[in-house]
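Novice: Chains as they are written, first to last, in my numbering: chain B, 15 to 502; chain E, 516 to 820; chain W, 3 to 294.
Hints were generated in silico from the structure; no laboratory data involved.
Using N, Cα and C, we set each Cβ at its ideal position, and we do this for glycine too.
Errors might be hidden in some of the hints.
[Stated by the list, open to error] Quick list of simulated restraints, FRET-style, between CB atoms:
no.	chain 1	residue 1	chain 2	residue 2	range
1	E	577	B	33	46 to 56 Å
2	E	525	B	325	22 to 32 Å
3	B	33	E	595	25 to 35 Å
[Unchecked claim] Stretch-level coverage of chain B by chain W, calculated; a stretch enters the list once three of its residues show a Cβ under 8 Å from a Cβ in chain W:
no.	region
4	105 to 117
5	438 to 452
[As the list claims (entries may be wrong)] Simulated pairs of lysine-lysine, DSSO-like, Cα-Cα distance not exceeding 27 Å:
no.	chain 1	residue 1	chain 2	residue 2
6	B	336	E	748
7	E	725	B	23
8	B	401	E	560
9	B	350	E	805
10	E	748	E	586
11	B	390	E	552
12	E	805	E	555
13	W	247	W	57
14	B	448	B	336
15	E	555	B	23
16	E	751	B	336
17	E	794	E	560
18	B	451	W	286
19	B	23	E	765
20	B	23	E	560
21	B	350	E	765
22	E	525	B	329
23	E	551	E	765
24	B	23	E	686
25	W	286	B	448
The primary structure of each chain is shown beneath.
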Amino acid sequence: MTKTKIATKGLDWSYAPAPESADHFQLKGQYGLFIGGKFFPASSGKRFPTINPATEKILAHVAEAGAKDVDQAVRAARVAYEKVWRKMPGRERGKYLYRIARILQERARELAVVESMDGGKPIRESRDVDIPLAAAHFFYHAGWADKLGYAFPGKMVQPLGVVGQIIPWNFPLLMVAWKVAPALACGNTVVLKPAETTPLTALLFAEICQEAGLPDGVFNCITGAGATGAALVNHAGLDKVAFTGSTDVGKAIQKSLAGRSTKLTLELGGKAANIIFEDAAIDQAVEGIINGIFFNQGHVCCAGSRLLVQESVEKEVVAKLKARMAHLIVGDPLDKNTDIGAINSKGQRDRIRDYLKFGQEEGAELFQTSCSIPQKGYFIRPSFFTKVAQSHRIVQEEIFGPVLAIQSFRTLDEALEKANNTPYGLSGGVWTDKGAKIFKVTRGIKAGVIWANTFNKFDPSSPFGGYKESGYGREGGRHGLRAYLECL
Amino acid sequence: MSSSLAVSTKLNLQAHPVDEVGIRERVARLATRSIKKASKVEGLKLALSMVDLTTLEGADTPGKVRQLCTKAIHLHSGRKDLPMVAAVCVYPTMVRIARETLQGTPIQVAAVATAFPSGMNPLAVKLADTRYAVGEGAHEIDMVISRGDFLRGEYQRVADEISQVKEACGKAHLKVILETGELGTLDRVRLASDLAMQAGADFIKTSTGKIQPAATPEVVLVMLQAIDDYYRKTGKRIGMKPAGGIANAKAALNLLIMVREILGPAWLTPDLFRIGASKLPNDMLMQLEKERTGVYQGLDYFSND
Amino acid sequence: MSRSRSKNKGARLDVRKTYKMLMGGAFVRSESGRALDVEGPGGKWLGYVCRASRKDFRNAVVAARKAVAGWSNTTAYLKGQILYRAAEMLEGRASGFREVLQSTGLSSAVAQAEVSAATDLLVYYAGWSDKFLQIFGSVNPVSSPHFNFSVTEPMGVVAYVAGEKRPLLDLVAGLAPIVVGGNAVITLSTGRAAVAAMELGEVLATADFPPGVINLLCGLREELVGQMATHMDVNALVTQAGDSKETAMCRQACALNLKRFFPRESISKGDEDPYRILDTMEIKTTWHPVGG
Chain B
15 MTKTKIATKG LDWSYAPAPE SADHFQLKGQ YGLFIGGKFF PASSGKRFPT
65 INPATEKILA HVAEAGAKDV DQAVRAARVA YEKVWRKMPG RERGKYLYRI
115 ARILQERARE LAVVESMDGG KPIRESRDVD IPLAAAHFFY HAGWADKLGY
165 AFPGKMVQPL GVVGQIIPWN FPLLMVAWKV APALACGNTV VLKPAETTPL
215 TALLFAEICQ EAGLPDGVFN CITGAGATGA ALVNHAGLDK VAFTGSTDVG
265 KAIQKSLAGR STKLTLELGG KAANIIFEDA AIDQAVEGII NGIFFNQGHV
315 CCAGSRLLVQ ESVEKEVVAK LKARMAHLIV GDPLDKNTDI GAINSKGQRD
365 RIRDYLKFGQ EEGAELFQTS CSIPQKGYFI RPSFFTKVAQ SHRIVQEEIF
415 GPVLAIQSFR TLDEALEKAN NTPYGLSGGV WTDKGAKIFK VTRGIKAGVI
465 WANTFNKFDP SSPFGGYKES GYGREGGRHG LRAYLECL
Chain E
516 MSSSLAVSTK LNLQAHPVDE VGIRERVARL ATRSIKKASK VEGLKLALSM
566 VDLTTLEGAD TPGKVRQLCT KAIHLHSGRK DLPMVAAVCV YPTMVRIARE
616 TLQGTPIQVA AVATAFPSGM NPLAVKLADT RYAVGEGAHE IDMVISRGDF
666 LRGEYQRVAD EISQVKEACG KAHLKVILET GELGTLDRVR LASDLAMQAG
716 ADFIKTSTGK IQPAATPEVV LVMLQAIDDY YRKTGKRIGM KPAGGIANAK
766 AALNLLIMVR EILGPAWLTP DLFRIGASKL PNDMLMQLEK ERTGVYQGLD
816 YFSND
Chain W
3 MSRSRSKNKG ARLDVRKTYK MLMGGAFVRS ESGRALDVEG PGGKWLGYVC
53 RASRKDFRNA VVAARKAVAG WSNTTAYLKG QILYRAAEML EGRASGFREV
103 LQSTGLSSAV AQAEVSAATD LLVYYAGWSD KFLQIFGSVN PVSSPHFNFS
153 VTEPMGVVAY VAGEKRPLLD LVAGLAPIVV GGNAVITLST GRAAVAAMEL
203 GEVLATADFP PGVINLLCGL REELVGQMAT HMDVNALVTQ AGDSKETAMC
253 RQACALNLKR FFPRESISKG DEDPYRILDT MEIKTTWHPV GG
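In isolation and in its complexed conformation, chain B is listed as follows (with noise of 0.2 Å):
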């Protein structure tokens, strides 16, 4: 071309930090356990600090609840299911949950600011899908608290007491709107155990209880670890157990349960196969695997953490895959540009790097992005295995990090038979843009959750659960309500 001046070469733009304000309110130093409407510290007095995984310093301190705190709000419960929330007609319950629903949606900035800096999960995932969705599962479940006769034909229904529920660091809010909202809804009461790294946005969401007016005790959150959960899970009192986290501890759970009556839903683990056809649209599907393994760190019980390429197109799907993964920001998890945040803790950051270690170990060939990540904190660049087996560690087993097993497949039953080769069976996603094919695929993959052309897709109408060992029960839609009432 015709150029009176001289050709230029590109700009190297990039980005300045962009970091969320973290200062229109302000946390305590320690909270209590939230019991029968109100805060209390650990009978023993015990507390357990809360770290920001991204800094490595503390946020606050929270109590840490023993079998006697466990069993009072346990009694708490009881008292307010028996006297207050069992009488209470479906539609005044309802509007307590539209009022959480609304303050959730008040306090959105301040509970995503938290949940980043406890959870590690970058600012624009907690911001534009984490508390917004928790926000919806109360709008949705408030919803149906007066509408129940009509959720399962022919059925009478009620609900079924108290109920206890354990959940994990991935989702923390999230995770509160998946058990709390329906529980709440078919007239249970709840005593919640958050996890012990990412307690303080189920503890804000104790106080948004409290400017909601919900009757005491029908809400109780007691925080701890290990033991506390325990303690909660082997109370006699309760009439049911919901756990998501992981396979081993939902069976020892499932185990200490036998003999009781006490109902059980379990939302356990996952290796999910993501499968990319030759006539996918490739551009989308790239982008897909990136949001199935690198979202959230790839801490998704249902993250798309195996790749099955069909060989025509697997050159051309790795490479725009590692030219994508190029743009991927690993940092600061309040900044507003970062793609990938921080490990939720050091334990499971050094799991994540044993597996990277036993993967090469095993034979595989190990990619990683070159980007920067902080000094300080828990950070792992996102990394993809190619040159793998079917029966690698790091292709059977779930590694909860941004970490991707790439394998490739031929055919579509020889896709079908690689992906169902687990005994996982939480999700999948097929990329392909043939009609009959997605779905001929979608029924063949043994899992609760199947995406098609698009992956980790969440909405409070949709249930979600696993098959096999990724547990029982669904949460969401009108299936999820099930788990929580007794059809007669």
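Use these hints to put chains E and W onto chain B, whose structure you have.
Specialist: This is chains E and W only, laid out in the frame that chain B set:
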């Protein structure tokens, strides 16, 4: 109606499905990038240097064009650190006056041609239109594809027209306008992009700016991905120009984010990326002033030419 | 009837309210320029409301038709949020509404109960927005290798004629299930219910409904029902408390464009009923092969 086509393209068009929902999600996520402080100033100046300042009205006169060219050279008094825009874009009969006014500056003169905006004239007329504009001194030609032919599946014909126009351009560089607002689907936008690049486009451009929708972020993303694939296959870097509907500085910065994250820094130059706009520079100038002074600006303080 | 209202107490004159109809997101007078007297108990004169003409109804249909595409594509979640917001707005004006209802002859207790019930009914239907498809839709186990599913779809523009017995509640009970499904509605309120309807317009206008989704007319039933029943761009007609002559007329007139017609009794059996949502929904079934 093509009689003897001296120049023809060997087309190798392949289906490349585009998922619209996936595209919308990617666009939305890219738009959450937060550009602050130094990177904002840098980005705004870069975007200014990429503007094709445009006037394409039936009522254009030499006076109007002269005014536009003056603004192109001298965007704002009181700041010495501003770049000039990349080019001025006018109808063929205004090329000469633009060249005269811009004499001695590096600002290019782009002319729309080929019966812009509709393209509904015989090829001979479109070629004559092109040769006239080039003869008047246009450095760049922005042509329109025959959308009717494209929608009917006459891909070879559409491609051959492009290669003929490219030949008529001589040394002038060619931007091919797809008029994405008339193509209907993102799959077709992708197909038209591939076709245009294979047929000899130096730049692919979204729209004439005369209809809505024009340069939506979704369409821009699809075109950038097409350019990326073409580069991987052939090693050739084709430029991209969104035009029409880029309303403000934030939209311009979002475009740069997309270019950077889809194509990479190599494309962040006016040689490979242009923004077709008429009122946009003032909004960018207001943002730059706000960054410099810390206070929000008003249009009264920026020249309205 | 003497058109003089009660005298002001004290030196300050109050600013009297003019009642206009909510149409296409704006408050308008009847294009006919005609008005109706509003009477309180004992024939006391309260003021004027519009006397909607057939052209007003025609204009309302145009506004509603314009709004349908956008409203039916609004997510169920957002529709629920908007209806809930309408409840928030109504709750905030509870005492004002009580006064309005009392002025048209309801006792204080009945007025109170009606305002609370209307607010709760908006909350009730808000809560159905993202659920009724889970009850009324289905995936159907056909015998061929096809994925077959049935979904509900709003009919489009629906006209609703409200009864007068419960001035506020009859109107809310009719329009809430119609709009939550994604339809746009034009309602007619008559007699002593007209003022409550006009006040409700102000509540709904501040609840984030897109313009044209809800259009509230007031006027004379006998003048307008026939227009509603014969209009070729209305997809469904719901009437409440119509006598047998009116119902027969409607059924016949609706045959012109096969308008779906639902006459309802004067006192409803139960306002809380998701099947009222289903009344103004179509069912669409789609087949798709399952295979390689």
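Novice: Does residue 329 of chain B sit within 27 Å of residue 525 of chain E, going by the straight-line distance between their CA atoms?
Specialist: holds, 26 Å
Novice: Does the region 105 to 117 of chain B contain three or more residues whose Cβ lies closer than 8 Å to a Cβ of chain W?
Specialist: Contact hint for the region 105 to 117 of chain B vs chain W: holds, 4 residues under 8 Å.
Novice: Are the Cα atoms of residue 451 of chain B and residue 286 of chain W separated by 27 Å or less?
Specialist: holds, 23 Å
Novice: Tell me if the beta carbons of residue 525 of chain E and residue 325 of chain B are separated by a distance inside 22 to 32 Å.
Specialist: Taking Cβ atoms as reference, residue 525 of chain E and residue 325 of chain B lie about 29 Å apart, which means the hint holds.
Novice: Holds or violated: residue 336 of chain B with residue 748 of chain E, Cα cutoff 27 Å?
Specialist: Cα-Cα ~17 Å, so holds.
Novice: Below or equal to 27 Å on CA atoms is what counts here, so check residue 794 of chain E against residue 560 of chain E.
Specialist: holds, 16 Å
Novice: Going straight from one Cα to the other, do residue 555 of chain E and residue 23 of chain B come out at no more than 27 Å?
Specialist: Given pair residue 555 of chain E, residue 23 of chain B holds - Cα atoms ~19 Å apart, limit 27 Å.
Novice: Is the straight-line distance between the alpha-carbon of residue 551 of chain E and that of residue 765 of chain E 27 Å or less?
Specialist: holds, 11 Å
Novice: Given a hinted range of 46 to 56 Å, is it respected by the beta-carbon distance of residue 577 of chain E and residue 33 of chain B?
Specialist: holds, 51 Å
Novice: Would you check the hint for residue 286 of chain W and residue 448 of chain B, treating anything up to 27 Å between C-alpha atoms as holding?
Specialist: holds, 22 Å
Novice: Could you grab the alpha-carbon distance between residue 448 of chain B and residue 336 of chain B and see if it respects the 27 Å cut-off?
Specialist: Given pair residue 448 of chain B, residue 336 of chain B holds - Cα atoms ~26 Å apart, limit 27 Å.
Novice: Between residue 401 of chain B and residue 560 of chain E, is the straight-line Cα distance small enough, at 27 Å or below?
Specialist: violated, 46 Å
Violation of the numbered hints given earlier is confined to hints 7, 8 and 10; the remaining hints are satisfied by the structure.
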